[in-house]
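In the order they appear, the protein sequences are chains A and B.
Using this note's numbering, the first residue of the first sequence is number 1, and each one after it goes up by one.
Using this note's numbering, the first residue of the second sequence is number 1, and each one after it goes up by one.
Think of the hints as simulated: they come from the structure by calculation, not from any bench.
No residue lacks a Cβ here, since even glycine has one placed at the ideal position from N, Cα and C.
Incorrect hints may have been included.
[Said to hold, decoys possible] Output of the computed footprint for chain B on chain A, the stretches with three or more beta carbons under 8 angstroms from beta carbons of chain B:
(1) 24 to 33
(2) 42 to 49
[Unchecked claim] Anything over 10 angstroms on all C-beta distances counts as not near chain A; from chain B, calculated:
(3) N51
(4) I145
(5) K336
[Unchecked claim] If you want the footprint, here are the derived chain B segments under chain A, 3+ residues with CB under 8 angstroms:
(6) 155 to 165
(7) 652 to 661
(8) 679 to 689
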Amino acid sequence: MKAEILSRTEWLQLPLVAVVLFVAIFVLMLAWIVRPGASRFYAMRGRMALDDGEVRGE
Amino acid sequence: MTAPAADLPMEEFEYDDAIVRKFAVATAFWGLIGMLVGLLAAFQLVARQLNFDVPWLTFGRLRPLHTNAVIFAFVGNAIFAGTYYSVQRLMKARLFSDKLSKFHFWGWQLIIVSAAVTFLAGITTSKEYAELEWPIDVAIAVVWIAYAINFFGTLAKRRERHLYVAVWFYIASIIAVALLHVVNSLALPVSLTKSYSVFAGVQDALVQWWYGHNAVAFFLTTPFLGLMYYFMPKAAERPVYSYRLSIVHFWGLVFLYLWAGPHHLLYTALPDWAQTLGTIFSVMLLAPSWGGMINGLLTLRGAWDKLRTDPVLKFFVAAITFYGLSTFEGPLMSLKSVNALSHYTNWTVGHAHGGALGWNGLFTFGMLYWLVPRLWNTKLHSQRMASAHFWLGLVGIGFYVMSMWVAGIAEGLMWKAFDAEGRLVYGTWSDMLPTLNPMYIVRGLGGALYITGVVLMLINLYKTIKSGSPSTTRASAAPLAARPLEAHGKWHRLLEGRPLTFTLWTTVAVIIGGALEIIPSLAIESNVPTIASVKPYTPLEVEGRDIYVSEGCYNCHSQMVRPFRAETVRYGEYSKAGEFIYDRPFQFGSRRIGPDLHRVGGKYPDFWHYNHMLDPRSTSEGSIMPRYPWLYQDALDLDLTQAKVKAFRLLGAPYSDREVEEAVAMAQAQAATIADGLVSQGLPDIRGKKIVALIAYLQRLGTDIKKAPAAAGGK
Numbered sequence: 001m002k003a004e005i006l007s008r009t010e011w012l013q014l015p016l017v018a019v020v021l022f023v024a025i026f027v028l029m030l031a032w033i034v035r036p037g038a039s040r041f042y043a044m045r046g047r048m049a050l051d052d053g054e055v056r057g058e
Numbered sequence: 001m002t003a004p005a006a007d008l009p010m011e012e013f014e015y016d017d018a019i020v021r022k023f024a025v026a027t028a029f030w031g032l033i034g035m036l037v038g039l040l041a042a043f044q045l046v047a048r049q050l051n052f053d054v055p056w057l058t059f060g061r062l063r064p065l066h067t068n069a070v071i072f073a074f075v076g077n078a079i080f081a082g083t084y085y086s087v088q089r090l091m092k093a094r095l096f097s098d099k100l101s102k103f104h105f106w107g108w109q110l111i112i113v114s115a116a117v118t119f120l121a122g123i124t125t126s127k128e129y130a131e132l133e134w135p136i137d138v139a140i141a142v143v144w145i146a147y148a149i150n151f152f153g154t155l156a157k158r159r160e161r162h163l164y165v166a167v168w169f170y171i172a173s174i175i176a177v178a179l180l181h182v183v184n185s186l187a188l189p190v191s192l193t194k195s196y197s198v199f200a201g202v203q204d205a206l207v208q209w210w211y212g213h214n215a216v217a218f219f220l221t222t223p224f225l226g227l228m229y230y231f232m233p234k235a236a237e238r239p240v241y242s243y244r245l246s247i248v249h250f251w252g253l254v255f256l257y258l259w260a261g262p263h264h265l266l267y268t269a270l271p272d273w274a275q276t277l278g279t280i281f282s283v284m285l286l287a288p289s290w291g292g293m294i295n296g297l298l299t300l301r302g303a304w305d306k307l308r309t310d311p312v313l314k315f316f317v318a319a320i321t322f323y324g325l326s327t328f329e330g331p332l333m334s335l336k337s338v339n340a341l342s343h344y345t346n347w348t349v350g351h352a353h354g355g356a357l358g359w360n361g362l363f364t365f366g367m368l369y370w371l372v373p374r375l376w377n378t379k380l381h382s383q384r385m386a387s388a389h390f391w392l393g394l395v396g397i398g399f400y401v402m403s404m405w406v407a408g409i410a411e412g413l414m415w416k417a418f419d420a421e422g423r424l425v426y427g428t429w430s431d432m433l434p435t436l437n438p439m440y441i442v443r444g445l446g447g448a449l450y451i452t453g454v455v456l457m458l459i460n461l462y463k464t465i466k467s468g469s470p471s472t473t474r475a476s477a478a479p480l481a482a483r484p485l486e487a488h489g490k491w492h493r494l495l496e497g498r499p500l501t502f503t504l505w506t507t508v509a510v511i512i513g514g515a516l517e518i519i520p521s522l523a524i525e526s527n528v529p530t531i532a533s534v535k536p537y538t539p540l541e542v543e544g545r546d547i548y549v550s551e552g553c554y555n556c557h558s559q560m561v562r563p564f565r566a567e568t569v570r571y572g573e574y575s576k577a578g579e580f581i582y583d584r585p586f587q588f589g590s591r592r593i594g595p596d597l598h599r600v601g602g603k604y605p606d607f608w609h610y611n612h613m614l615d616p617r618s619t620s621e622g623s624i625m626p627r628y629p630w631l632y633q634d635a636l637d638l639d640l641t642q643a644k645v646k647a648f649r650l651l652g653a654p655y656s657d658r659e660v661e662e663a664v665a666m667a668q669a670q671a672a673t674i675a676d677g678l679v680s681q682g683l684p685d686i687r688g689k690k691i692v693a694l695i696a697y698l699q700r701l702g703t704d705i706k707k708a709p710a711a712a713g714g715k
């Protein structure tokens, strides 16, 4: 049954669905990361790689 | 980390550097081995005698060893070294379990060794970059799970609230690789060393390249991007250029990559919509990839002068540039018009090596030059040697990639060249060899230069290690519970701060992308128009096909005639999806070092194949195909034949009860017919030898469809 339906669909709309889905999620994400006041927050995140928390004994 | 440390209760602990040291050494060691194997294989295309007529040194067996060694041994160990070093420091916690770390390390090395042994012995599934047989596949799954537990366990005991973007890339990689590996390895075993893919034909091809493409994505790209986001700021001593951009980079890649796989199968029997989807998403991939490249490079802003003196930065900057070049070339090659020319040629080989040598190789070297002095508490032995390594590597890649571009485009054009009378200008494969040979030599030289650089690095690192002593790194951080939440913390935490939630999101993204491609491909079975005249292979042909797989003929031969005039004139009728429904695994191939074989059945008499396989030069002047004399000596083993036919029937091939019961007798009878024919032509009796099965298979290839008109006429 499922295979039947699948085999009848030409799947031509699938690329379209995929692109729309992707663009929608992408725009949401963009909106989220440029939310007001986020700059300082991300500037802090950006520094994380530099801090190892190491104790230098020598 | 930004909170005033003074008023927080601090905990002291030690990072596990020992495990990072182990993986770092393994990286350098396997890198050299894997590349040397590649060099030998490359020179075999210049001087075919370099296989010394030894079965396990032939191109078909070396090539999978080479690709697997550099991908899973060299790059794999580099990923483990880099992620284990960075995740501890980013999470301010020692790795979850020392025992698991050790198990992970030794398990992985054991897998590598067993891979090397089995590939050379001709034990392979023939699915590119997934050639390992099922027991080793199971072992990989187990070790990968150990890695995942160790990794996520470390996140669970972290002392840092936020997951830095590098960790996101690691998470996505671990999840996606697990998924890809399991789906693509699904197979029905018939013995310890032989199994058949549960997918067949076009479907198998789609699943395989969904895997193959995403192995490039989630093994060769995303883990290294994580490493880039950690080690590049380290080496530049600056924060990443734009953290926001890195988020865009991450989600862009995770969403897009999984959808682009079908671009490996353009102009094949794959349905059109899937091909279009693959192309669209491949082109879209360009945006996040270049965003990431720019982000990596601009991390050096205001410190470009360091580039002159610091070899680590040289390697990183060049590697990131190659990342950009490869991610530009990839989408370009997925355009149908370009792909029509580039597919099956050396251009693909050049593209792969631009990425592997340029991006993965150079980045790994930079990382080792940065890590080793720190892990052994000392300074790098020689900056000048490292710089020399850098230039050797760069020039080596230049030779390699340029020669493969030229060779690839030349091949693509030669395959299509017609003269005024409408005949193929390069009618035989040997006609093209004079054009390609110089390019193969330049490529080999490029590889040799690159490896010379690696040898310099090994000496340099060895001396560095000798001059130091293993480090123990103590650290201190406040426990998570004691840390205050910042503003914005709540929402952010929901999306990016909780490993479990985050992992779930990533898994969803990965699964959506994967499922959208996989589900329709499972439906393809019913989409493939069946061709009544296409029948399952005879028991002898099944054995012959297994020999074809085992010898790795697919490394040089495709079985997919594309619907172009140049191909139908050269090979015959183009390939139809319905012709492959009994092919487990599919043998489309990815590279034509020799001609396509899908329509070779009936093209030559058995006599010709007998001579050609014994010494290709006897029938095809100047051929670079290896000799296969052992197939004329080794006995044809029919012990498993019945089990194989049974397995195929279980997977859906319509064998009758009689065919299953009398599989061995049928194989023997068919072998006798072929052998008798050859004996009557004055050749030795080969009925009990492997070659007879191979000839039976070759003569069957692509012939079923020729019977179609007769069958249709009967209706």
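Results of checking the hints against the structure:
1. 24 to 33: holds (count 6)
2. 42 to 49: It holds: at least three residues are needed, and the stretch 42 to 49 of chain A offers 8 whose Cβ sits within less than 8 angstroms of chain B.
3. N51: holds (45 angstroms)
4. I145: Correct as stated: the minimum Cβ-Cβ distance to chain A is 28 angstroms, above 10 angstroms.
5. K336: holds (14 angstroms)
6. 155 to 165: holds (count 5)
7. 652 to 661: violated (count 0)
8. 679 to 689: violated (count 0)
Comparing the model with each numbered hint stated earlier shows that hints 7, 8 do not hold.
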